[in-house]
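Participant: Residue 1 is where the sequence shown starts when you use the numbering used here, and the numbers rise one by one after that.
Be careful, since some hints might not be right.
Claimed, not checked - Derived PhoX-like pairs: lysine-lysine, alpha-carbon spacing no greater than 25 Å straight-line:
hint, residue 1, residue 2
1, K313, K457
2, K87, K218
3, K304, K84
4, K248, K486
5, K459, K486
6, K16, K304
7, K304, K15
8, K248, K238
9, K313, K15
10, K215, K15
11, K87, K16
12, K238, K88
13, K459, K248
14, K486, K313
15, K84, K218
16, K238, K371
17, K371, K304
18, K371, K215
19, K459, K308
20, K248, K371
21, K308, K486
22, K87, K215
To be clear, the hints were calculated from the coordinates, so they are not data collected in a lab.
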Amino acid sequence: MAKTKTSQEGWRTTKKERRNYIIGDLGRTLEGYIVTAMMSTFMIFQGIDMTAVAGAMLVVKMIDAFDDVIFGYFVDRIHITEWKALKKITGEGKYLPWYRLTYFLFPIFTALFFCMPKGWSAGAKIVWFFVFYLLYDLTYTLVEVPMQSMIVTLTDNTDERNSILQTKTIINSLATIGAGMLWTIAISEYVGIGIRDIALVSSVVFFFMMLPMCKGVKEHNTTLANVDPEENEKYTLKDMWNCIRTNKYLMLLLLSTVITSCLNTGGAVGLLVSYYHFGSSLVMAIPILISLIPVIIAQMQTRKLVNKFGKLKVFIVCGVIGALIQLSIYFVGPIFAICCALLVIQSPFSNISTVAKNFFLPDTIEYTRYKTGKDCSGICNALSSFVTKLTSSVSASLGLFILGLSNYIPVAAESFEDLERAGVTQPSEALNVMWIIYALIPLIGTLLGVLVMVFYKLKDQDVALMARCNAGEITREECEAQLSRKY
1 MAKTKTSQEG
11 WRTTKKERRN
21 YIIGDLGRTL
31 EGYIVTAMMS
41 TFMIFQGIDM
51 TAVAGAMLVV
61 KMIDAFDDVI
71 FGYFVDRIHI
81 TEWKALKKIT
91 GEGKYLPWYR
101 LTYFLFPIFT
111 ALFFCMPKGW
121 SAGAKIVWFF
131 VFYLLYDLTY
141 TLVEVPMQSM
151 IVTLTDNTDE
161 RNSILQTKTI
171 INSLATIGAG
181 MLWTIAISEY
191 VGIGIRDIAL
201 VSSVVFFFMM
211 LPMCKGVKEH
221 NTTLANVDPE
231 ENEKYTLKDM
241 WNCIRTNKYL
251 MLLLLSTVIT
261 SCLNTGGAVG
271 LLVSYYHFGS
281 SLVMAIPILI
291 SLIPVIIAQM
301 QTRKLVNKFG
311 KLKVFIVCGV
321 IGALIQLSIY
331 FVGPIFAICC
341 ALLVIQSPFS
351 NISTVAKNFF
361 LPDTIEYTRY
371 KTGKDCSGIC
381 NALSSFVTKL
391 TSSVSASLGL
401 FILGLSNYIP
411 VAAESFEDLE
421 RAGVTQPSEA
431 LNVMWIIYAL
441 IPLIGTLLGV
451 LVMVFYKLKD
461 QDVALMARCN
471 AGEITREECE
481 AQLSRKY
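From just these sequences and the hints, can you work out the full model?
Facilitator: What follows is the structure, given as C-alpha cells:
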C-alpha cells in the first residue's frame with residue numbers, strides 16, 4: 001500500500017528509497033568534489049613545483065587503472081552476501097552490500113589527503129600526496145562503483161531511472177555550486193580559513209549523509225532474466241573482456257568523456273583567474289549566483305526534452321551552443337561584465353547537456369546485459385569511475401603543468417588571505433597562459449567530445465525494450481520483433 005502511494009505507475013522504488021539513494025549519492029559526490037575543487041589550489045599553496053605535482057598525479061592514475069578494473073570484476077563476480085561472516089554487515093542485494101562494506105573508508109582518506117604536514121620538505125610533500133591521493137582514489141572506486149551500478153538494480157523502468165538520474169544530477173549540481181562557493185568564501189582573502197580545516201569538517205558531514213543508504217534503500221531488479229542461470233553464474237575474466245568489447249556504445253561515451261574532461265582545465269586555475277584577473281577570489285561567484293534559477297529550470301526540463309527529442313540530440317545541440325558561447329568568452333578576454341553575462345547565458349545549455357549525458361551510461365549497460373546475458377554493471381561502472389577520476393586528475397595536472405611551464409611565481413600559503421599578504425605580482429606571460437588554460441582549452445574539449453557522440457546509434461526506445469527483456473517482462477523473441485533494427 002505504501003508503495004502505491006509513493007510511486008508512479010510501473011515504478012519499483014518508493015519515495016523514501018529514492019530519497020535515501022539521492023542523499024547518499026550527494027554525500028559521495030561532495031566528498032569527491034572537495035578534492036576536485038580544492039586539490040589544485042591546495043597543492044599550489046604548498047609552494048611545490050607544479051610540474052612535479054602533475055607527474056605524480058599521472059603516475060597515481062596509471063596505478064588506479066588496475067584498481068578500478070579489478071574491483072569492477074570482483075563486484076560482478078563475487079556475491080559477498082554468501083559469506084556468512086559478512087552477511088550481517090552487508091545485508092541483502094547485489095551492489096548495496098559492497099557499498100555497506102566500504103563506504104566509510106572514503107571520507108577517512110579524503111580527510112587524510114588534506115592533512116599534509118606544512119613544515120615538510122617539497123620531496124616529502126610529494127610522497128604524502130602520492131600515497132594519500134592513491135588511497136583517496138581507491139576508496140572513491142570502492143564506494144562509487146556499487147552506488148552507480150545500483151541505478152540498474154533499483155528498477156528496470158527506464159523512465160524511473162531517468163527521473164532518479166535527473167533529480168540527483170540537479171541536486172548534486174546545486175549542492176556542488178553551494179559547497180564550492182562556501183569553500184571559496186572560507187579560503188578567500190576576506191575570511192582566511194585553511195583548506196585543511198574545511199576538508200576535515202566537510203568529510204564528517206558527508207560521512208553522515210552517506211549513512212541513510214545502508215538501511216533505507218532496496219534493490220528491486222537484481223536478477224537478469226531470459227538467460228541461462230547457470231551460465232550467468234560463470235563470470236570469468238574472459239567474460240568481463242567480452243562485455244567490455246561488446247559495449248561499443250560505452251566506449252564511445254567514455255571516449256567523449258575522456259576528451260571533454262581531460263581538456264576541462266578551467267577548474268585547475270579558476271580561483272587564480274578570479275583573483276589575479278578580476279581582483280578577488282570571490283568575484284566569479286557572481287555569474288554562478290545570477291544563473292542559479294535559470295540553471296535549475298533548465299535541468300528540471302531535461303527529462304521532458306529527452307523524452308521529446310531523444311537524449312542524443314539534446315546533448316549535442318546544447319553542447320555545441322555552450323561551446324560557441326565559450327569561444328566568445330575566450331576572445332572577449334578578462335573583461336568581467338561581458339564574461340559574466342556570457343557565463344550566465346552559457347550555464348543553462350551546459351547543464352542540460354550534462355544532465356542528458358548522465359542518462360547514457362545505464363543504457364549502455366542494459367544493452368550489454370542484453371547482448372551477453374551477463375550482469376556487467378560493476379565493470380562498466382568501474383570503467384566509468386576510472387574515467388571520471390582519471391580525467392579530473394589529468395585536467396588538473398594538465399592545467400598545472402602548462403601553468404608551470406610559464407613564468408608563474410609559486411607562493412606558499414594556506415588561503416588567499418596568505419596570498420594577498422605575500423603581495424606577489426604575477427608576470428603578464430603567466431596571466432595570459434592562465435586565461436588560455438581557463439577559457440580556450442575547455443572549448444576544444446567540448447567540441448571534440450560532442451563530435452565523438454555523433455557516432456552513438458543506440459536508440460532510446462530500443463533500450464527500453466531491452467530493459468523489459470532483461471527484467472523478464474517480455475521474452476527475447478518479443479523484444480527482437482519490436483526493436484527498430486538488429487543490434
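Participant: Now tell me, hint by hint, if it's right for this structure.
Facilitator: Hint by hint, here is what the structure shows:
no. : hint         : result
1   : K313 to K457 : 11 Å, holds
2   : K87 to K218  : 15 Å, holds
3   : K304 to K84  : 46 Å, violated
4   : K248 to K486 : 15 Å, holds
5   : K459 to K486 : 11 Å, holds
6   : K16 to K304  : 24 Å, holds
7   : K304 to K15  : 20 Å, holds
8   : K248 to K238 : 17 Å, holds
9   : K313 to K15  : 30 Å, violated
10  : K215 to K15  : 14 Å, holds
11  : K87 to K16   : 24 Å, holds
12  : K238 to K88  : 32 Å, violated
13  : K459 to K248 : 14 Å, holds
14  : K486 to K313 : 22 Å, holds
15  : K84 to K218  : 20 Å, holds
16  : K238 to K371 : 15 Å, holds
17  : K371 to K304 : 29 Å, violated
18  : K371 to K215 : 33 Å, violated
19  : K459 to K308 : 13 Å, holds
20  : K248 to K371 : 11 Å, holds
21  : K308 to K486 : 23 Å, holds
22  : K87 to K215  : 14 Å, holds
The structure shown violates the earlier hints numbered 3, 9, 12, 17, 18.
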